[in-house]
Amino acid sequence: MVFPLGFLARLPYAMTPLGTLLLLQHATGSYAFAGAAAAAQSLAIGAGGVIVGRLADRTGIRQLGVFMAVANAVALAGLLAATFADRPTLFAAAVLVGATQPQVGPLIRVHWSYLAQSRPEQPGLMTTALSYEAAADEASFIAGPAVVGLLAATWAPVPAGAPLTACIVLLLAAAAPVALLYTTAPERMPSRSATSPLPRAGLAAMCAAMAVMGAIFGTVQVGVTAHATAVDNASVGGLLYAALGAGSAIASIAYAWIPSRMPLRTRYRLFALGLLIAMILLPASGTRPPLAAVVLVAGIAIAPYMITIYAITEQLAPTRAAITMTIVCAAGPVGTAAGQALAGLLVEQAGPRAPFMLPPVLAAAALLLAMTNRMTSANHGPCPNDTVGTKTEQAASRA
Numbered sequence: 048m049v050f051p052l053g054f055l056a057r058l059p060y061a062m063t064p065l066g067t068l069l070l071l072q073h074a075t076g077s078y079a080f081a082g083a084a085a086a087a088q089s090l091a092i093g094a095g096g097v098i099v100g101r102l103a104d105r106t107g108i109r110q111l112g113v114f115m116a117v118a119n120a121v122a123l124a125g126l127l128a129a130t131f132a133d134r135p136t137l138f139a140a141a142v143l144v145g146a147t148q149p150q151v152g153p154l155i156r157v158h159w160s161y162l163a164q165s166r167p168e169q170p171g172l173m174t175t176a177l178s179y180e181a182a183a184d185e186a187s188f189i190a191g192p193a194v195v196g197l198l199a200a201t202w203a204p205v206p207a208g209a210p211l212t213a214c215i216v217l218l219l220a221a222a223a224p225v226a227l228l229y230t231t232a233p234e235r236m237p238s239r240s241a242t243s244p245l246p247r248a249g250l251a252a253m254c255a256a257m258a259v260m261g262a263i264f265g266t267v268q269v270g271v272t273a274h275a276t277a278v279d280n281a282s283v284g285g286l287l288y289a290a291l292g293a294g295s296a297i298a299s300i301a302y303a304w305i306p307s308r309m310p311l312r313t314r315y316r317l318f319a320l321g322l323l324i325a326m327i328l329l330p331a332s333g334t335r336p337p338l339a340a341v342v343l344v345a346g347i348a349i350a351p352y353m354i355t356i357y358a359i360t361e362q363l364a365p366t367r368a369a370i371t372m373t374i375v376c377a378a379g380p381v382g383t384a385a386g387q388a389l390a391g392l393l394v395e396q397a398g399p400r401a402p403f404m405l406p407p408v409l410a411a412a413a414l415l416l417a418m419t420n421r422m423t424s425a426n427h428g429p430c431p432n433d434t435v436g437t438k439t440e441q442a443a444s445r446a
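The working numbering puts the first residue of the sequence shown at 48, with every later residue one more than the last.
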């Protein structure tokens, strides 16, 4: 049940930004205001994610997941009602929607972390789960915007409010129920786990890696959009987005078949190198068919890199998986915002192909992080070259 519900529960996260943008533009007639409010909402999602992670380590992910799903549904209803209010109220309502995001993706990964620690006889469980979760993320980010567009185009009464209304339904029908299925922290975990120190060096390294990945997403998104505008064909952008997501989803599923004996450190460096090679192809791509193929390859390179980051993060502090997962996840949107801003400037200054010059530089930074990172463990010492699943088993046996 976690798998299908988990996918549906993710859709509000993928639908809310675009749905908010459409609603606010319809309510105010201003793209500038709608864009500013949507950006503030994204920052609130990141900040709220850190708070959710800290609370989850103390209260448990099950209760908090249900509460946040309901709170987000209420906040969305408030945003819909605020369309009749003034702009400051509308802006605040949009930010509140971001702050109450239930963080389904990070908390489901924590669920799998807890489950893996309670089942040391299944060392491959975490790898398989992370592969599926990455594929579900990509599928939701393909389906979410498509659902928003479909609802906005077909629901006659209040087309601009239809996507967020659907989000409310999904939150109550999928996000809250899936939270009830979350596994609680293993009883063998130390009672002081919620206050145990975080592995700051390792966590900072993973945040930097995820921020770089987010920046790559942001620059590719702007580059694809600029390319679609340049050829005067909006459908091109949609097809290229789909190619990126499809490549990433395929690689996410294939990741589970990687031999478990391959150490995480080796995977991290290998996939960072693969990411660099794929990103170097972007500036060299020319017309539409080659660009689509290169974007597909880029998606294939992205997924294994991100899954490995999550796997390393899970091992940094098994007793504080909620806060570490949500902090690392929050770094992604920050990087995306920075990448989008920089790529936008490049489009203005150097044309629609210019953003594609940034991903190779960012991927080189990702490789540098992978080569120099010692994957610091919870006791601030170097993490050994563990195979996937082994360290989870060790943590469970020690507890």
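Note that these hints are calculated values from the structure, not bench results.
Source: prediction; values computed, not measured.
Mixed in with the good hints, there may be bad ones.
Claimed, not checked - With beta-carbon atoms standing in for the labels, derived distance ranges:
(1) T231 <-> M404: 43 to 53 Å
(2) L415 <-> G391: 43 to 53 Å
(3) L90 <-> V216: 23 to 33 Å
(4) A87 <-> P224: 38 to 48 Å
We treat Cβ as the ideally placed atom computed from N, Cα and C, and that holds for glycine.
Going down the list of hints, with the structure as the test:
{"no.": "1", "hint": "T231 <-> M404: 43 to 53 Å", "result": "48 Å, holds"}
{"no.": "2", "hint": "L415 <-> G391: 43 to 53 Å", "result": "25 Å, violated"}
{"no.": "3", "hint": "L90 <-> V216: 23 to 33 Å", "result": "26 Å, holds"}
{"no.": "4", "hint": "A87 <-> P224: 38 to 48 Å", "result": "30 Å, violated"}
Of the numbered hints stated above, those contradicted by the structure are hints 2, 4, listed in ascending order.
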